[in-house]
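Read top to bottom, the protein sequences are chains A and B. If you count the first sequence from 1, position 139 lands on 139 in my numbering, and the numbers rise without skipping. If you count the second sequence from 1, position 26 lands on 26 in my numbering, and the numbers rise without skipping.
None of these hints come from the bench; they were simulated from the model. The C-beta atom is built at its ideal place from N, Cα and C for all residues, glycine as well. Just so you know, not all the hints are guaranteed correct.
Claimed, not checked - List time: in silico SDA-like cross-link candidates among lysine to any residue, alpha-carbon distance up to 20 Å:
| id | chain 1 | residue 1 | chain 2 | residue 2 |
| --- | --- | --- | --- | --- |
| 1 | A | K147 | B | T46 |
| 2 | A | K119 | B | E39 |
| 3 | A | K147 | A | Y235 |
| 4 | A | K291 | B | K8 |
| 5 | A | K6 | B | L90 |
| 6 | A | K116 | B | F9 |
| 7 | B | K8 | A | A208 |
| 8 | B | K8 | A | K6 |
| 9 | B | K285 | A | I123 |
| 10 | B | K8 | A | I203 |
| 11 | B | K97 | A | I123 |
| 12 | A | K147 | B | T250 |
| 13 | B | K97 | A | W13 |
What the hints assert, rightly or not - Which stretches of chain A does chain B cover? Using the computed rule of at least three CB atoms under 8 Å from a CB of chain B, they are:
| id | segment |
| --- | --- |
| 14 | 25-34 |
| 15 | 263-273 |
| 16 | 278-284 |
Here is how the chains run, residue by residue.
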Amino acid sequence: MPKSVKLLDVLAWIVLLVATFAVLFPIWWTVTTSFKNPRDISTWPPPYVPFLNFEPTLDAWKSIFGGPGQLSSGGHAGSMIYRVVTNSLIIAVSSSALAITIGSFAAYSLSRFEFKRWKNNDIAFWILSNRMFPPVAMVIPFFLMFKVLNMLDTLPAVIIAHTAFSLPFVVWMMREFFLELPKEIEESAMIDGCSVFSVLRRIVLPLAAPSLAAVAVFCFIFSWNELLFALFLTYNQAQTLPMLVAGETHTGAPLWWLISAVGTVAIIPPILFAVLVQKYIIRGLTLGAVKG
Amino acid sequence: MLNQRYVKFILLGPCILYLLAIGIFPLIYSLYLSTQWIELTAGPETRFVGLGNFIKLSQDGRFWDTLRNTVVFVLSAVGLEFIIGFGLALILNREMKGQRLFRVLFLMPMMSTPVAVGYMFRMILNSEWGPMNHFLSLVGIPRVDWLGNPAGSLFSIVLIDVWEWTPFMFLSLLAGLQALPVDPYEASIIDGASRWQVFKYVTLPLLSPVIVAASLLRSIDAFKIFDVIYVTTAGGPGTSSETVTMYAQTIGMRYLSLGYASAVAFTLLVAVLLVSMIFINRMRKQQR
Numbered sequence: 001m002p003k004s005v006k007l008l009d010v011l012a013w014i015v016l017l018v019a020t021f022a023v024l025f026p027i028w029w030t031v032t033t034s035f036k037n038p039r040d041i042s043t044w045p046p047p048y049v050p051f052l053n054f055e056p057t058l059d060a061w062k063s064i065f066g067g068p069g070q071l072s073s074g075g076h077a078g079s080m081i082y083r084v085v086t087n088s089l090i091i092a093v094s095s096s097a098l099a100i101t102i103g104s105f106a107a108y109s110l111s112r113f114e115f116k117r118w119k120n121n122d123i124a125f126w127i128l129s130n131r132m133f134p135p136v137a138m139v140i141p142f143f144l145m146f147k148v149l150n151m152l153d154t155l156p157a158v159i160i161a162h163t164a165f166s167l168p169f170v171v172w173m174m175r176e177f178f179l180e181l182p183k184e185i186e187e188s189a190m191i192d193g194c195s196v197f198s199v200l201r202r203i204v205l206p207l208a209a210p211s212l213a214a215v216a217v218f219c220f221i222f223s224w225n226e227l228l229f230a231l232f233l234t235y236n237q238a239q240t241l242p243m244l245v246a247g248e249t250h251t252g253a254p255l256w257w258l259i260s261a262v263g264t265v266a267i268i269p270p271i272l273f274a275v276l277v278q279k280y281i282i283r284g285l286t287l288g289a290v291k292g
Numbered sequence: 001m002l003n004q005r006y007v008k009f010i011l012l013g014p015c016i017l018y019l020l021a022i023g024i025f026p027l028i029y030s031l032y033l034s035t036q037w038i039e040l041t042a043g044p045e046t047r048f049v050g051l052g053n054f055i056k057l058s059q060d061g062r063f064w065d066t067l068r069n070t071v072v073f074v075l076s077a078v079g080l081e082f083i084i085g086f087g088l089a090l091i092l093n094r095e096m097k098g099q100r101l102f103r104v105l106f107l108m109p110m111m112s113t114p115v116a117v118g119y120m121f122r123m124i125l126n127s128e129w130g131p132m133n134h135f136l137s138l139v140g141i142p143r144v145d146w147l148g149n150p151a152g153s154l155f156s157i158v159l160i161d162v163w164e165w166t167p168f169m170f171l172s173l174l175a176g177l178q179a180l181p182v183d184p185y186e187a188s189i190i191d192g193a194s195r196w197q198v199f200k201y202v203t204l205p206l207l208s209p210v211i212v213a214a215s216l217l218r219s220i221d222a223f224k225i226f227d228v229i230y231v232t233t234a235g236g237p238g239t240s241s242e243t244v245t246m247y248a249q250t251i252g253m254r255y256l257s258l259g260y261a262s263a264v265a266f267t268l269l270v271a272v273l274l275v276s277m278i279f280i281n282r283m284r285k286q287q288r
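Just chain B, with the same shape it has in the complex (with noise of 0.2 Å):
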């Protein structure tokens, strides 16, 4: 028989292994590559360059727009779901019949394929015969060029984000309401508090840990999108629409100047974190 003494780390030692080999150590290694001047479309060799690549970072227009899109994205994607989804989870916080349904229903969004839905929109979307101008020349707005022109590429893409992720936020936000105590509400009727009242000191407050919750988890995803772009605009047209994962991308790929997208790469890395730091505090308070 075994050491009872050992088997905790036993069991938990390949765990520990597979990401220190598969997830720290590329990190690691991505951090060594930013440092390097390695392009594949000019042969295999390779050069120590420091911080080069992030000299040139900062002096690379098209990186500071696709980090101002980014954020841009990321700020208006995330409202917009949350307001959205709050609204919805609000009116939709009582009995009915029914709601388990809609629940389900509410989910298709989230887990469909989203390079799949990057092409429903693109045929949604389209400016000559999608079913969105459509519905829009039904009430008189004229067409819209959606996807093709650089005053809307992005609104587009958020567009799309709010038809994938508010059932996230709704479904959080509904989860999160139905699981308040009564007692507070119950005490604030009888305290004659008007609904707006209610709403302002009971259920805010008391929601807001599912709110931060949520709203960080959805900003740290929407940060790192990339299929739904890849297949729509392709960051276009220019670089209207285009993020920081999905210019890495193209330069890691399509110019194959590896040292250069690490470096990209590396600056969402960054931001990514700083969010997923203060969302692993908020976390581990919760658990004390």
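Bound conformation, chain A alone (with noise of 0.2 Å):
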């Protein structure tokens, strides 16, 4: 039967290409804003093609990156830009590696050694609900934690909370991969001699980095996404991106070109680095249960 085959075919490909443009649609229209001229935001038809339906102009751009402009009419600096994205990048690398440290020894472990009275499982498990607690009910506590030890609006205390969080997402997966890794290798190494340590850095990393690499970029890009907690431990100094983001919501009437050039500036990176660790993405989100 071709005939009703075909049909599905350009049935195939008109969903596809009506759900491309529905993905596709509110990131161009972000990228395109931050072109546009104040006047040309609020016409009708909402002008969606540059030099075709608008002029385009690098005004948004300039101002937030650096010149005398503003960001928005509540009155941040042009340099600002320049503070929150270090800071953004800063915590979101520093969580990373602490979590990807802390975290890959300790799958290693889960993975190799018997543990008697607690079993490998259930310490395994035990980490991965620690993932599941709802970051509300733990912001509070941090807050004044982080209070008394006189740590609010710095840079570790966003990547000690942050790391938490990713923490048990690190175990999670790395011990996935150190399961389905054979254990010979290791062994026989050992047989010869060699220290837990230096069968780790010589053999176990370099097979490992692919993964490690995989998993280290989740972390980032749910550090260098999240709100609450930069929301609740800091107001000035350790601000990060989305919260200069967030920030523009309270501040009067929007301007909607600066804010979507600042948006591209925070899609960018997520979207680039999920790009490369594309294969690993379904097993990443659904924690290892459906195996991309």
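Put the two chains together into one complex, using the hints given.
Listed below in structure tokens is the structure:
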């Protein structure tokens, strides 16, 4: 029945095109809005295509990346973006590195050694359950803890908080990976007199590098996008990029061209990274329940 | 050289200690806080009120509204995402050129910074100049005030979540479909089963672990929604789109009533943990 197969193919393509449009349009709209003049924001019908429907300008980009421009009527200096992007980068990189280091050691231990009093599986599932806690239940204790420690509005406070959320994920994903890795090479190296740590460094690390990188990217994206902790734990010096974006919400009429430019800056790194680890995405997002 | 017997504890120790200190301790502390009267606006002193906060909670109409909003949001968002995602996965589960490209494309919504997504949709759903109303006007549907009217604001949040997370359902279910064994299909086709019968008696049962896992995980996450609401409706108009997280954040940060906010957050924790336990138990069974 070649005819009905063809019809299905056509249907599939139509569905794909509609879905593609639905996925891309909001992103397209945001990116193009960042090149609009204030006067082109509220025209009707909405101007969709630069050069055709409106004359693009770099004003918004110039004003967020320096110059005397202001990010909003609230009066953020243009140079804010450098600081928040730097903060976000430091926080995301440090918390991923911390979580990867602590987490993969734990994952290795759980996958290679046998624990007696509590079974390995129980420990692993206990660690995973840490991942499920709603952030809002943790954020108030965090706020008070860091207040006592005088660490509010510092980068380490946010790093510590984000690591707590990445860590269970790292352990869970890396444990699965180590379990799939054959033990024999490590065992023979141990028999030859290598210590556990040199086995880790010389044999396990090179083999695990791609998975470690993928898991690290997940941690990075999570931290980069996170808002609630940053909102509670920082207010000025340690502000992150999502906070700068979100901060535009309550200050008068939104300056859409600027918000779009900052929003574009925010979504570029996670999207690029996601493309890099495309192969692992479903595995990561479903905590290994679906092998993508 | 380190004694091999202790190595496993040295490797695992830091992680366990970290999670106890930064995961479990705050949780217990939060339970303690929920029994306290803490009003930072009134001063630093606190006092023990026992279950007082929870009694106040049970009589707080706004809390029940936010709880209802949250449940309605989770059910409708996850439901729609499942239906659309499954439909797409079934249609596209075939040899096609450029499938890789589309997979990459579908990653974009779920990876985008949620606050940025919130703003995207504040523009798109703008009632005066937003493209959504323009598209609708092309087919003759009059202007809709998406985010600004109490009857539609929660639905608009659902819509945004559907944009963001349908790709998750689609990609998980597609991965699940493509990992299914071929034999049962060949057998049922030889037995003369119709397309619908194959779907109902072969695909659905085989795929059900993936369906359940993806839906549970999505629900757990949906319960925690905050960022998008924070920048789009901020829970409004009134409390029409306020969820539990949003409410706890407002009490905590705007009114600085940390004890009461902890009590609110704790109820969410219980709800989420219940769903999480179902998920974790299923994963445990799978591993055996």
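Here is what the structure says about each hint:
{"no.": "1", "hint": "A:K147 / B:T46", "result": "15 Å, holds"}
{"no.": "2", "hint": "A:K119 / B:E39", "result": "44 Å, violated"}
{"no.": "3", "hint": "A:K147 / A:Y235", "result": "13 Å, holds"}
{"no.": "4", "hint": "A:K291 / B:K8", "result": "28 Å, violated"}
{"no.": "5", "hint": "A:K6 / B:L90", "result": "16 Å, holds"}
{"no.": "6", "hint": "A:K116 / B:F9", "result": "12 Å, holds"}
{"no.": "7", "hint": "B:K8 / A:A208", "result": "19 Å, holds"}
{"no.": "8", "hint": "B:K8 / A:K6", "result": "58 Å, violated"}
{"no.": "9", "hint": "B:K285 / A:I123", "result": "16 Å, holds"}
{"no.": "10", "hint": "B:K8 / A:I203", "result": "17 Å, holds"}
{"no.": "11", "hint": "B:K97 / A:I123", "result": "44 Å, violated"}
{"no.": "12", "hint": "A:K147 / B:T250", "result": "19 Å, holds"}
{"no.": "13", "hint": "B:K97 / A:W13", "result": "11 Å, holds"}
{"no.": "14", "hint": "25-34", "result": "holds (count 6)"}
{"no.": "15", "hint": "263-273", "result": "holds (count 7)"}
{"no.": "16", "hint": "278-284", "result": "holds (count 3)"}
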